[in-house]
Each structure stands twice: as C-alpha cells, then as structure tokens.
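2 protein chains.
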Amino acid sequence: MKHVTVALDAMGGDRAPDIPVRAALRAATDHGIAVTLIGNQESIKAILVTESYPDHLINIVDAPEHVSMEDQAVKAVRGKRRASIPVGLELLKSGDADVFLSAGNTGAVVASSILSLGRLPGVDRPGIAIPIPTAKGPPLLLIDAGALVDPKPEQMWQHARLATTFYVVANQVSNPTVGLISNGEESGKGNGLVRAVHKLLGDDEQLQFIGNVEPRAMPERPCDILVTDGFTGNVILKTGEGIVNLVQESLRTEFKTRWYTSILATLLKPAIRRAGKALDYREYGGAPLLGVNGLVMIAHGGSDVTALVNGILTAARSAERNTLAALATSLDSNVNAQSPNADDRSG
Amino acid sequence: MKHVTVALDAMGGDRAPDIPVRAALRAATDHGIAVTLIGNQESIKAILVTESYPDHLINIVDAPEHVSMEDQAVKAVRGKRRASIPVGLELLKSGDADVFLSAGNTGAVVASSILSLGRLPGVDRPGIAIPIPTAKGPPLLLIDAGALVDPKPEQMWQHARLATTFYVVANQVSNPTVGLISNGEESGKGNGLVRAVHKLLGDDEQLQFIGNVEPRAMPERPCDILVTDGFTGNVILKTGEGIVNLVQESLRTEFKTRWYTSILATLLKPAIRRAGKALDYREYGGAPLLGVNGLVMIAHGGSDVTALVNGILTAARSAERNTLAALATSLDSNVNAQSPNADDRSG
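Respectively, the protein sequence lines represent chains A and B.
For my numbering, count along the first sequence from 1 and bump the result up by 2.
For my numbering, count along the second sequence from 1 and bump the result up by 2.
So that you can see chain A by itself, here it is in the shape it has in the complex (with noise of 0.2 Å):
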C-alpha cells in the first residue's frame, strides 16, 4: 500500500467547514489517513485550534471563494477558479493529492473536474457511480447517478465498462454483473435509449450482462452494477429518499394511533433508527465520478461526521488500488466504438 493523501472539500455539504474538518480530523486520528483540508483558511483553523490531532496528516490549502449547493455548475466553474473545487483539482492534477473528495455542488464537481482534469481515453463523458444499498451483499454499483441527462448510447457503454472496472478493483472480483435499469425484463422492453444500449451491452463479451432489470428487482441484488442514464439514475434515488421518508412517517403517524402502540414504538425506536441507517446510501460514502483523469468521489450534501469519515476511507482506498490507472485502460479494448456488429462479421 501506498501513503496517500486525500484533498476533502472543505466548503461543500449542508454544515460545512464543521462536518468536513471534524471527518478529516477522525479520519486522520483513528485511521491515520493524511487529508488535505481546502477552503477558508481562517474558518477551518478556526476549528483545529479547539482539537488535538496528528498536526503531520492534517494540511490546509487556502481557497477563499465559495461555490454555494444553488450556483450554476458552469458558471461556477467559470468564474470561480479559487473556490475549494478547482483547488482541490489542482492539487489532484499536480500530484499534490491522490483523490479529490467533495459533498458540494455536483453540477460544479462534474464541469470542474471535466475542464481540470480530462477526460480518460475513449471516454466521451463521465458517469457518477453510486452505491446502493441492497437487503444482501455488499451495495450495487448504480451509474449514472446524474452526471450525464442526455446520454447517447455508446456513452452508457463506456459507463458500463468503466463501473466494471472500479467495482472489480474495489471489490477485488473478477465479472462482475451488469443489469440495464429498465421498465421490463424482456430484451425488447425499455425505451428507444435503453433498447440500443441492451444491444451495445450485449455484444461487448468483456462485460457480464445479464439484460433488462426493474428497479423493483434492486434490494434483492440482480447485478453488481446497474446501467441507467443520468436523468432516470437520479430519479431513482430521489424517489427512494422520498419513500424512506414516506415509510417513516407512516410508521410514526400508525404508532400514534393507540396508547400502547406509542409506547413500543418509543422501544423500538433505536432499531427504526437502524432499520433507516441501513437503507440510507449516505453510509456509504463516497460516489465515484468515473471517466476524468482523475479520481474524484462525490458525497451526500446532506453526509454527517460518519458518511464523510466513510467516504474519505473509500476514496483512500480507491487511491491505494491504483484505481485511476486501471481505469485508464477500461476501454481499450473498445468493441463498440470500433466495430459495433462484431458478432456480425462472419455473417
């Protein structure tokens, strides 16, 4: 294992610089991780100067502009070349970290790291790869999560070969299965984009697919990874955290109704409060932007101490895999691009 360093967005989240400085400091005290603190130096010194901690893992990099959750991503990315984001590139693209690690802006993220970084060879545009978590196993890898609305089919290929590559590094797997989100099982089912996207995903021998699969299907863990465009990908999760939400206050309205009900659920609450930890993505810190030259990992605006801690553990370990340089070479072997029909050829 290499040392590594993680450069933290020290400015993004809903209750920033705390959450971050406080996850960097556990980070480095109980994990002995170095993090690279960047945003307003005098808020983030501010905080250290409360706390004891290990002073040689903990740095700060001064970005005085800010980025705010509401900012136009290419507006910010525009004009804004000193907030915590393009810093935090900065010192990604120089080498002064290893993985760049941010609860902020998303839109900002993706269109920064774009511009700063690149992109990885044959990849076109990049995918946030978000783990989900399922009623068994580890959390499936769902991509893309929003970075990209509009995909053309070959771009949700290169998503698919580029999850395949990070889950099997992370995971330490070979094959991992590939499943397209879809409104049927069957092959013919989906909408125009899906039905070209089975095909593409079908022909590429490299990739397990195993076809068309209903998001009602996701707890019970069909695949590894799910392919989805950006737009149906975030609709996805955002109609989960509102049924979570929905589930919960079901629970507490029916619990009310009789006086012994009220008084269970009072001792039942810890394990409601566990119940919900389970089903919330945010536990597993960090999303993967995959497909920029770069490792760059996204986390929840809404992360707490321990979502951040868990990302910023995911992400160093995402750097010691060397996980960028076997990205890099994902799609190398780039069947679509080259030859679409290749299973045609002899025909």
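No lab work stands behind these hints: they were computed from the structure.
For glycine and all other residues, C-beta sits at the position ideal for the given N, C-alpha and C.
Heads up, a few of these hints could be off.
[Unchecked claim] Pair by pair, the computed Cβ-Cβ distance ranges are:
#1 B:Glu222 - A:Lys258: 12 to 20 Å
#2 A:Ala327 - B:Thr308: 52 to 60 Å
#3 A:Ser45 - B:Lys271: 45 to 53 Å
#4 A:Gln208 - B:Thr308: 48 to 56 Å
#5 A:Asp334 - B:Arg260: 49 to 57 Å
Once you've looked at the hints, dock chain B against the given chain A.
Same frame as chain A, but now just chain B:
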C-alpha cells in the same frame, strides 16, 4: 346519478378468475353495483354456484380465449379476439357497459383499447394516470405510468390536459395544480424531453403549472397531478415497490436482532401492516387509461379482493359522472398544437 354497469375482466390478475369474481360479488352485494364478468364462463359459474348474491346485478359474458401476463401486447391484440380484454372493450363500445376494468396484461389493455375504441379528439397516444399515496391529502395523480415510453413533448402536454380533466371530475374541484417530474426544481433542469415539456406546460394558461418537481418531494404532495414520460413513470412506481419491500425486510431483520425487539415487533405487526397498506397504491383501485374513446381502468395485477372492489367503485363513480364526455373536450382549446407561442403573438 345514472345506473351504470362495470365490465370486469374476470381473467385478469394473479389469481383470476377467483379474485375478480369475488370482488364483483362484493361490489354487487355491499354497494349495489351492476357488474358484467367477462371470461371463461364455466370457471366463473363454478365460483358463483357456491355463493349467494343479488342475481340481477351479476352478468356473465363468455370469453373463451386467454391473454397471459407474459403475452406480448400486439400479438395478444391481433391473435385473440375472443379473449376477455377485447370482448370487454366491445361491450363498452356497444354501450352494454359504461366502463371496463382489468387487472390483466397492461400492454394488451392499452393496445386493445386504442384498436377497439380509438382515441379522443386531439389525442395522439393515451396515458395511464395512476393514483399515488402521499403523506397527506388524497392520492396525487401520476401520468404516464407506462403506456407510452418514448413520448413526444406534445403528447406529454396532452396527458397533462387529460389528467387535469379527470382530476376535476373525480375530485369535484377546479384548477388542480400540475408539476413535471425532473431531476431538479429549477426550470433549466431535466433532460431534453423535460425541458421541452416544461415550456409547453408553462405556455398553457389553462393549466395550473407549478414547474419541476423532484420525486423525493412526492410524499409531501407538492401538486395534484404529476406529468412524466411512461418510462420514468414506470421506474418511479417500481422503485417505490422495491423500497417499500426493502423497508419491511429491514425492519423484520432488525427486529430479530434482540429478543425484546422481536417480542415488541410481534405486538406491533398490525400497525406496521397498516402503515404498509397506506403506502400501497393497489389500495386505491384502478388507474384510468386517459385518451381513448371509452372509460377504461387498469388495476394492479397483484390486486386482492379489497383492491379490486375499490377499483370497481372508482370505475362506477367515473362512469356515473360522465367522465368520458368531459375528457372528450380536454384538448378543445389546443394551444400547443395550434399556436405553441400564443404568448409571443403580441411581441
């Protein structure tokens, strides 16, 4: 109120004809609704002989052929003219029934309805408007739940108009609000299709358009009607199903971890079951297929007797209120077809 007859597909759904027949008997006995059962005459009679019910309210129309849930919609429509779906639609067309309800193969119901009944004036393609439970108020109406997976923007605008009319008649209110499913609330968010539909809905002064809605906001009921394409609508429903199952599974697992939570959970089971039911869109009965020239409602294939009785009641109410006549005029002032830039004429 006029006296109406509900034509019920006795062969549709997971446990047909048992569940449809029992639902028809309960609707007739408890609610005085006339139901015509369409399906295999002998199987239906075999259930009826064991029951007592108001004879004059129950009729049977024989439909000897069978469309399975797995049959491809187009094949089913072309090859099986004497199956319950086409026979039921013919009853509707001839005026022998006022509304047709089926828990069978949705694709076959949609395709057969277009073929048998034709479309309402100004409608290109019908959409399925499904009631979605929320934390407060009546269920909101989501259109399209899967009839049209690759719509044009104008077709989604047509769905918005049709759903508005249906909501007005069904809930006896005026000016229901309309939202558009997107991956962000800002008006620039969404894929190309969503951005085009956003403009069409915003330009139509007859719609109370509130803008984009993220799926996570659905439980808070941000509007009365939500418009989306059939692919995304289906993905939302199936993500919801999957997550409700996952939550129930997680709670079960969690409750088992300690002996006292296990005992408490047993005591709480009825409350948890009720909470699950409040989230189950099957409870809300049928979803209207809007845009065809006849009242057609689709029930979930997994409907139990209670759900199907609710579907029969909803169907009967729709017929009593002359919903079809109202729907037929939904697109009369067709701003988007006739002059998409009506607002700009003065400029």
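In ascending order, which of the hints set out earlier in this document are inconsistent with the structure?
none
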